[in-house]
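Protein chains: 4
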Amino acid sequence: MPPEQSESLSSLRINDVEVVDTFAEAFPIKATRLVLTAISERWALTAATELCGNATSVIACDVEAAVEQTIPSGETPDGRPGVSVLVFAFSIDALAKSLQSRVGQCVLTCPTTACFNGIENCPREKQIRIGGAIRYFGDGFQKSKKPDHRRFWRIPVMDGEFLCEDYFGTITGVAGGNLLICGTNQISALVATEAAADAIRKVPDVALPFPGGIVRSGSKVGSRYPKLKASTNDAYCPTLRSLTPSELPADCQAVYEVVIDGLSFDAVNQAMRQGLHAAAGMPGVLRITAGNYGGKLGKHHFHLRDLL
Amino acid sequence: MPPEQSESLSSLRINDVEVVDTFAEAFPIKATRLVLTAISERWALTAATELCGNATSVIACDVEAAVEQTIPSGETPDGRPGVSVLVFAFSIDALAKSLQSRVGQCVLTCPTTACFNGIENCPREKQIRIGGAIRYFGDGFQKSKKPDHRRFWRIPVMDGEFLCEDYFGTITGVAGGNLLICGTNQISALVATEAAADAIRKVPDVALPFPGGIVRSGSKVGSRYPKLKASTNDAYCPTLRSLTPSELPADCQAVYEVVIDGLSFDAVNQAMRQGLHAAAGMPGVLRITAGNYGGKLGKHHFHLRDLL
Amino acid sequence: MPPEQSESLSSLRINDVEVVDTFAEAFPIKATRLVLTAISERWALTAATELCGNATSVIACDVEAAVEQTIPSGETPDGRPGVSVLVFAFSIDALAKSLQSRVGQCVLTCPTTACFNGIENCPREKQIRIGGAIRYFGDGFQKSKKPDHRRFWRIPVMDGEFLCEDYFGTITGVAGGNLLICGTNQISALVATEAAADAIRKVPDVALPFPGGIVRSGSKVGSRYPKLKASTNDAYCPTLRSLTPSELPADCQAVYEVVIDGLSFDAVNQAMRQGLHAAAGMPGVLRITAGNYGGKLGKHHFHLRDLL
Amino acid sequence: MPPEQSESLSSLRINDVEVVDTFAEAFPIKATRLVLTAISERWALTAATELCGNATSVIACDVEAAVEQTIPSGETPDGRPGVSVLVFAFSIDALAKSLQSRVGQCVLTCPTTACFNGIENCPREKQIRIGGAIRYFGDGFQKSKKPDHRRFWRIPVMDGEFLCEDYFGTITGVAGGNLLICGTNQISALVATEAAADAIRKVPDVALPFPGGIVRSGSKVGSRYPKLKASTNDAYCPTLRSLTPSELPADCQAVYEVVIDGLSFDAVNQAMRQGLHAAAGMPGVLRITAGNYGGKLGKHHFHLRDLL
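Chains as they are written, first to last, in the working numbering: chain A, 10 to 317; chain B, 10 to 317; chain C, 10 to 317; chain D, 10 to 317.
Chain A on its own, in the form it takes in the complex (with noise of 0.2 angstroms):
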């Protein structure tokens, strides 16, 4: 994502380091929350890691995943252990289409699970069918039970059954929030940024799509090559200083973001609060700024004056 011109931009400051005055621009998405539920918080883990792999970016996947955070036993639906994955695509067919996938593959293989809806109150035309297109694998065995008005299907397995609900609601959520942490070399950029990506994780509603909750691959809008629709972000690259205009402050060795997906506006600005406060405090970092597009083409505007 090319952050715009920094250069014209007059800068913030938290303790030592410099916040630029700009801002994130993130788009709508479709989003659901899928509860797994697991004999152990550890399996509940297992299961949304498999579920979540290969889903960094609507770009080239499927879709966007990440685990949100883990649910006391006390407070799930089934009384186990929990794990809250958020989920999000360009329509609600794509959320569909790729969760009957995802969850036959990745949640019914995997030893105890069960998968619950995660998203209440979800008008019955915007909702997407889980249990309903898995049940088949238990070729005929499988039945339904319809407590409080909700449906779930038990899958036979060879360790008992698979709980999965029927339906699952969604909801337009955003999609990009971001943070651009800028440092003196490569190791202390990424520490700081990981401060930043382990402040983001204790915010409800939100999720960190790319490996670790770090993307190094910056991005920017087409390429030189007519298919490609992105490329890397040369101005954010450090060993092209001398090839092409950077956009990186003066000692910089190196760059991480964190790309932030949410539920709501509210949730990704917190989010942001939050990540831009705990990098700030981390040695080596020397600037942190985000990325748009000018303005013009996502809806959700997050200004960093407002997260100071």
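Just so you know, not all the hints are guaranteed correct.
Any copy will do: because identical chains look the same in the list, a pair fits if it lies in one copy or spans two.
[Said to hold, decoys possible] Listed below are the simulated DSSO-like cross-link pairs for lysine-lysine, each with C-alpha atoms no more than 30 angstroms apart in a straight line: (1) Lys305 x Lys229; (2) Lys238 x Lys106; (3) Lys238 x Lys154; (4) Lys152 x Lys229; (5) Lys106 x Lys154; (6) Lys305 x Lys238; (7) Lys236 x Lys106; (8) Lys229 x Lys106.
The hints are simulated quantities; they were obtained by calculation from the structure and are not laboratory data. Computed from a predicted model, the values in this text were never measured in an experiment.
Chain A is already provided as a structure; the job is to place chains B, C and D on it using the hints.
Positioned in the frame of chain A, the structure of chains B, C and D alone reads:
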């Protein structure tokens, strides 16, 4: 995978555990190995985990993939900590297509990583291109270097350069080695199967593609729904005992399967041996068996008798 | 901790689980909180884990100690990721003596760490000195700094300086809150107790000093060996049913205890509530009870009835 | 541990990293190995971590201890997953006293564990008693069993029985093998030293007693305070360059040390070799050296020259 009728089979034993005198039936498959390095073992594992997500079974995923092992920094191509990953697909083309996308989405994006070929001495016509396909992300700023007859692409990114080897070797491996662990209850069966998976992970040249290395949704070929090629293996579902002929021991309430893919017959055989002995030492295990199709479909047969 | 005879007790229920109408009996104890920061949450946890090792019970260890929670970098004294640790002992002097040694051996030595007081507003006579005792390691090169009425020691080490606060507050807390989870077998009881421990770890101001938060060697006061002050609680040992009067439910093969130390009655009470409800949702749990001494020894009584 | 003056030393190299032509000086010490098993590798590790806490240096702790390696369930005495732990002290009596307490507090208490001797063929007069000392906790209900000339105690606890071997062998090992990694800044030096520690952990018969395997508070013998036997190694403190003669390379801002204890000279030598090569491949490493006392105090000398 429906084991054949065990009633007619004589029984072997390890300790007090019954080992059915049967065999696992497995298939040739195309395989490759990627060596991912990073600034730390933890980041190499982060990239590997993202890369291997949603890759449990080629029935519905584009590939089967899992971490093989960690590699100390003194033994990797670039002297940094590494992780090797094994990836399997029905054809060389399917491997190439999947990995061009997965490496681009999950490794190129991941902080500090590099990506090296892990199959030496492969004839050119069986090699697949990864770095050479991803290089265009560099938007013309990428460069190649060619020490020692191997070509690498250096693609500029925000934390420096992503180094990715151009070509990767492939090999004809083995898919579908397996063990079925029958236990007195769900948790005992699971803990015993985890012990088997832990032991198998110490064997080189094999990988366990299912979540946590274990699958609970064993399947049979076909179903009563014409479109569905595979469905739940009802003879191994403890909740269906009263509805359908059962293959389960009398007191068995849960079965888990370890599915093993490997680079050779010998590697899968050694993995099955380690897993068999590890599971047999655990409490609550009633029977260990393996899945086959009568021996007519798969080229490779792993007889449990030979593993005692 | 020997629960009193449960036969005469009426029973409560959560779901299908029996909750004995009894109470946990706990004691006043001296407590402090250390906030450890480091370059990453992982290194803060590494120091905390070393510091809290061999600290399960003040019966035989110098202190009881465990991690309380992780703290995002934006919320710690030095802006780096942190972990808070709670430490308990019979006297303020015992706390001081133990922590001067433990911080010197386990935190001073640990890469990148700093160590801050986590109990504010403590009168000077109840404070203990840590940084001021360790500072001599600096061999005269140590320096103090004193922002905001707090004094810190900067002790030169090979990776820079170890920053350690001079004085730490203490408080009178509560030791020995507890729950006893009775299960149908060992693994089920353990998994249910883990769910309770996981839920309790989300509650502030409490810590679980035993390994993984759980103890299996419940004790009674005294023994047939005169020197031994405590011995196995035979009424709760499933293998002794035929040899000694048993307090166990008929089908119970295993019991685990969660022991909870905290900074206040309310914190321990809230932790017991979360743990009770978490365990009650898990499969294989027959009964949940608590340990006491008839109410005559300990000042604090936590009635399970009040936690439903 | 104060390395001798490096100025007069010629230099070796691995890649671009300077390796000082010096040696690590180490000492004979008494050692034992415990094999802890449990229902899962994770619980065996939980007990081992508690047991090895607050055990970094025999200067001030009762023992030095760390995990050696994990053991698959097929290869342990009771067929369950295991972890081996190495423990070191100045005398056999100190080992016995410490482990009677530590096993009682940290292993007896820990869910599902058992504890086995890991040093075979030790003459009786060099053995230490652990199970035989802890057995009294059983309050007369404990039983011994004696298969194969080894005696075990079965001590009844709430989840069944704690099985603990009566006697454990000891051996004369080696304490204080070490490497000093000098880096351009704190985080680079740390990440490189972590790579060394990761590589060393794959070598059998050695253990790393400091937090995460790494120590940052290198010490010299003596101090200006008469009571203090050791104090900060000021020649290796980057913040003291202007105050005291420095042994650091010009651009070095941080040094970390790996301290290696082992069961034999060869094991420590092999560990140092693996660690040296692992660190030398990492970015930001300026120099690798080792600590000694001029060779007069310690019996064992490990020359870096021999490890290239």
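Results of checking the hints against the structure:
With identical chains, the CA atoms of Lys305 and Lys229 are at most 30 angstroms apart within one copy only, with a shortest distance of 15 angstroms there and 53 angstroms across copies. For a Cα distance limit of 30 angstroms, the shortest separation of Lys238 from Lys106 qualifies both inside one copy, at 24 angstroms, and across copies, at 18 angstroms. For a Cα distance limit of 30 angstroms, the shortest separation of Lys238 from Lys154 across copies, 26 angstroms, qualifies, whereas the shortest one inside one copy, 47 angstroms, does not. Taking the shortest alpha-carbon separations for Lys152 and Lys229, only the inter-copy value of 19 angstroms comes in at or below 30 angstroms, while the best intra-copy value is 50 angstroms.
Proximity of Lys106 to Lys154 under the C-alpha cut-off of 30 angstroms is restricted to the intra-copy arrangement: shortest distance 24 angstroms within a copy versus 41 angstroms between copies. In this assembly of identical chains, Lys305 and Lys238 lie within 30 angstroms of each other by CA distance solely inside one copy; the values are 18 angstroms within and 48 angstroms between copies. Taking the closest pair of Cα atoms, Lys236 and Lys106 come within 30 angstroms of each other both inside a single copy (26 angstroms) and across two copies (17 angstroms). For the homomeric pair Lys229 and Lys106, the shortest alpha-carbon distances inside one copy (29 angstroms) and between copies (24 angstroms) are both at most 30 angstroms.
In summary, the structure agrees with every hint in the numbered list given earlier.
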